[in-house]
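S.K.: Each chain is listed here by its residues.
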Amino acid sequence: MTDMIRAKNLSKNYGKFKALDNINLTIGKGKIVGSIGPNGAGKTTLLKAMLGLTSYDGELEVMAINPFKERAKLMEDICFIADVAVLPDWIKVNEVLDFVEQTHPKFSRAKAEAFLKKTKLGVKQKVKSMSKGMVVQLHLSLVMSIEAKLLVLDEPTLGLDIIYRKEFYDNLLNDYFDHERTIIITTHQVEEVEHILTDLLFIKDGRIVLDASMDDLTSEYFEVMVSNENYDDAMSFKPLQSRKVFGKHVMLFKHHNRGELEAIGEVQRPGVADLFVAMLKEEEPS
Amino acid sequence: MIKTMKALIKREFWEHRGAFIKAPIIISIVLFVLSLGVYITGMILANKSGASDLADTGVRELSKLSPEKLVMFWDIQMMSISSLYLVVLFFVLFFFLLGSLFDDRKDQSILFWKSLPISDASTVISKLLTAMFFAPLVFVFIFLLSIIAIMLLYTVILLFHGLNPIQLVWSPASLFSGAKIMLLGIMVQMLWALPIYGWLIFSSSISKRRPFLFAVFVPSIFAFSWYWVSVLTFKFTNFSMFKEPLNYMAHGLLPYASGSVSGQSFHFNPDDGTTISMIINNMLSSLASIEILYGAIFATIMTALAIWLRRYRNTT
Chain V
2 MTDMIRAKNL SKNYGKFKAL DNINLTIGKG KIVGSIGPNG AGKTTLLKAM
52 LGLTSYDGEL EVMAINPFKE RAKLMEDICF IADVAVLPDW IKVNEVLDFV
102 EQTHPKFSRA KAEAFLKKTK LGVKQKVKSM SKGMVVQLHL SLVMSIEAKL
152 LVLDEPTLGL DIIYRKEFYD NLLNDYFDHE RTIIITTHQV EEVEHILTDL
202 LFIKDGRIVL DASMDDLTSE YFEVMVSNEN YDDAMSFKPL QSRKVFGKHV
252 MLFKHHNRGE LEAIGEVQRP GVADLFVAML KEEEPS
Chain E
604 MIKTMKALIK REFWEHRGAF IKAPIIISIV LFVLSLGVYI TGMILANKSG
654 ASDLADTGVR ELSKLSPEKL VMFWDIQMMS ISSLYLVVLF FVLFFFLLGS
704 LFDDRKDQSI LFWKSLPISD ASTVISKLLT AMFFAPLVFV FIFLLSIIAI
754 MLLYTVILLF HGLNPIQLVW SPASLFSGAK IMLLGIMVQM LWALPIYGWL
804 IFSSSISKRR PFLFAVFVPS IFAFSWYWVS VLTFKFTNFS MFKEPLNYMA
854 HGLLPYASGS VSGQSFHFNP DDGTTISMII NNMLSSLASI EILYGAIFAT
904 IMTALAIWLR RYRNTT
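Here the protein sequences line up with chains V and E, keeping their order. Residue numbering for the first sequence follows the working numbering, beginning at 2 and increasing consecutively. Residue numbering for the second sequence follows the working numbering, beginning at 604 and increasing consecutively.
It cannot be assumed that every hint is accurate.
[Said to hold, decoys possible] Quick list of in silico lysine to aspartate or glutamate cross-link-like pairs, EDC-like style, CA-CA up to 16 Å:
#	chain 1	residue 1	chain 2	residue 2
1	V	Lys93	E	Glu615
2	E	Lys709	V	Asp90
3	V	Lys19	V	Asp4
4	V	Lys150	V	Asp179
5	V	Lys133	E	Glu615
6	V	Lys129	V	Glu102
7	E	Lys613	V	Asp217
8	V	Lys32	V	Glu267
9	E	Lys609	V	Asp216
10	E	Lys606	V	Asp233
11	V	Lys255	V	Glu230
12	E	Lys613	V	Asp233
13	E	Lys613	V	Asp206
14	V	Lys17	V	Asp4
15	E	Lys606	V	Asp234
16	V	Lys129	V	Glu71
Since the hints were derived computationally from the structure, they do not count as laboratory data.
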């Protein structure tokens with residue numbers, strides 16, 4: 002398997018603050034990686050380093066390229082949408098199409114126009130006059146028309162209506178992802194993306210707390226709906242977390258025989274958000 | 604590479620349509636309306652005061668000039684109008700360059716521009732080329748259109764007074780000469796203002812909040828501290844730290860007045876045989892000074908620094 006991204010002892014300091022603290026990481030081809038962590042954990046700094054937008058200490062290779070030294074070259078094979086709708090106010094739809102067509106060797110204008118036809122955007126429309134959702138639609142149409150090997154999304158749906166949000170990920174999966182490509186997503190809205198992820202990356206205080214595939218996670222962690230009569234049995238298995246929903250206890254277990262757990266209640270795949278909270282608790286010295 | 608540069612320069616015109624295209628068009632409209640206004644006011648005032656032939660006499664003055672004087676009349680006309688364009692162009696470029704590497708950081712669209720395979724060097728150089736050549740060329744073009752409009756206005760007025768516009772306008776006034784005056788003016792302006800352009804693009808790249816304050820205050824503080832040091836060493840009349848930068852700026856603002864390198868003042872007197880070509884030659888001779896070379900070196904260093912800084916700049 003070819004590695005898209007390799008980081009070795011990657012660090013980034015802002016004065017005394019360690020935004021990235023000795024990160025070691027490899028991301029392979031064909032993955033959809035969700036990068037999850039609290040605010041200020043270093044998710045965005047990690048992405049910026051990968052995109053050549055910031056300097057760093059340690060080693061980092063993205064598709065065998067040093068991102069900070071050769072950003073322009075790297076951008077032929079990477080696309081990214083940053084956390085805000087960032088197309089310039091003054092640009093018109095046809096101008097941005099012209100510009101990307103003339104500067105990006107792997108952009109297909111025909112594809113972009115086909116995507117845009119499905120939206121309500123006019124050719125002469127200025128970004129200034131668009132709603133936030135429309136700007137994201139335009140940006141996504143551009144990005145999906147580029148034959149990139151790596152797509153990086155930093156909070157792509159922040160501030161979007163719920164309808165646009167769902168459409169965004171549907172488009173991404175149906176029209177874009179094809180297992181030759183790699184996608185990295187950071188988001189707060191974990192629930193929105195967890196069904197499309199293949200891998201998870203938990204980041205806290207500039208360090209990677211967890212780097213695992215979804216398959217591994219779901220074979221190690223179980224969520225069980227425990228009714229009151231089995232409560233004591235369940236507690237003896239030492240759940241990582243327990244909360245009460247509709248008179249039943251929802252408990253999270255790690256490394257347990259699935260058969261054993263099925264005896265005490267209905268076993269489900271845990272949500273990423275719950276896993277994340279449980280992980281953080283586990284991290285803390287008790 | 605060239606395709607990317609073309610797209611980058613086109614991009615500047617999309618963003619700065621107002622400054623690069625609308626501003627010169629507005630100057631030409633204002634000039635036209637002013638000329639027409641002056642004529643109409645003259646006519647009305649003359650009529651009201653019961654001396655309607657006075658205005659007529661005024662217009663007829665033109666026909667009394669010798670052919671050589673007519674040519675000079677038109678050349679001076681063109682030079683004054685083009686001076687106006689050059690002053691406006693200087694200010695347009697001043698603010699364009701100040702914002703050139705800052706505005707996209709302020710509105711965060713830099714993250715979009717940096718997501719395309721375009722190097723920071725290409726980006727910075729495209730902005731400098733726009734300021735040095737492409738925006739000025741648009742000004743030249745609109746200047747010529749404005750000259751044609753003024754010539755047409757004269758034609759109509761002269762016909763109205765029964766005078767021959769071919770003899771008084773179309774034969775002595777040469778668009779070619781106007782284009783030459785303007786193009787040379789723009790070239791001299793660019794060469795003298797180059798270090799200022801370099802400084803502005805550097806200020807735009809380095810500033811985190813207010814490029815204007817940086818661009819103006821840093822050199823002022825530097826000059827005043829230098830002057831203070833001179834005073835401490837009893838050199839009270841050493842003003843070179845103010846003079847040098849202002850010298851570049853003055854030449855950049857008013858290139859046609861760039862003549863007096865040797866320190867002699869230049870008096871324009873149409874009666875003693877001074878011609879437009881003497882002004883032009885005098886202006887061109889200013890380019891032979893060593894200061895032009897220093898300016899170009901300074902501009903190159905500033906641009907290189909701006910490119911280097913751009914790599915570290917994302918959002919403000």
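S.K.: All hints, please: hold or fail.
M.R.: Evaluation of the provided hints:
Taking the CA atoms of lysine 93/V and glutamate 615/E, the gap is near 13 Å; set against the 16 Å cutoff, the hint holds. Under the criterion of a C-alpha separation no larger than 16 Å, the hint pairing lysine 709/E with aspartate 90/V is consistent with the structure, at around 12 Å. For the suggested pair lysine 19/V and aspartate 4/V, the alpha carbons sit about 26 Å apart, so the restraint of at most 16 Å is broken. A threshold of 16 Å between alpha carbons decides the hint, and for lysine 150/V with aspartate 179/V the separation of about 10 Å falls inside it, so the pair holds.
For the hint linking lysine 133/V to glutamate 615/E, the alpha-carbon distance of about 24 Å lies beyond 16 Å, and the restraint is violated. For the suggested pair lysine 129/V and glutamate 102/V, the alpha carbons sit about 21 Å apart, so the restraint of at most 16 Å is broken. Between lysine 613/E and aspartate 217/V, the direct Cα distance comes to roughly 51 Å. Violation of the 16 Å bound is thereby established for this hinted pair. Restraint check for lysine 32/V and glutamate 267/V: the C-alpha separation of about 30 Å exceeds 16 Å, so the hint is violated.
Among the hinted pairs, lysine 609/E with aspartate 216/V is inconsistent with the structure: their alpha-carbon atoms are about 49 Å apart, more than 16 Å. Among the hinted pairs, lysine 606/E with aspartate 233/V is inconsistent with the structure: their alpha-carbon atoms are about 72 Å apart, more than 16 Å. For the hint linking lysine 255/V to glutamate 230/V, the alpha-carbon distance of about 22 Å lies beyond 16 Å, and the restraint is violated. Between lysine 613/E and aspartate 233/V, the direct Cα distance comes to roughly 72 Å. Violation of the 16 Å bound is thereby established for this hinted pair.
A threshold of 16 Å between alpha carbons decides the hint, and for lysine 613/E with aspartate 206/V the separation of about 44 Å lies outside it, so the pair is violated. Note on lysine 17/V and aspartate 4/V: the hinted pairing is violated, with a Cα-Cα distance of about 32 Å set against a maximum of 16 Å. Under the criterion of a C-alpha separation no larger than 16 Å, the hint pairing lysine 606/E with aspartate 234/V is inconsistent with the structure, at around 71 Å. Restraint check for lysine 129/V and glutamate 71/V: not satisfied, since their Cα atoms lie roughly 32 Å apart, outside the 16 Å limit.
Checked against the numbered hints above, the structure violates hints 3, 5, 6, 7, 8, 9, 10, 11, 12, 13, 14, 15 and 16; every other hint is satisfied.
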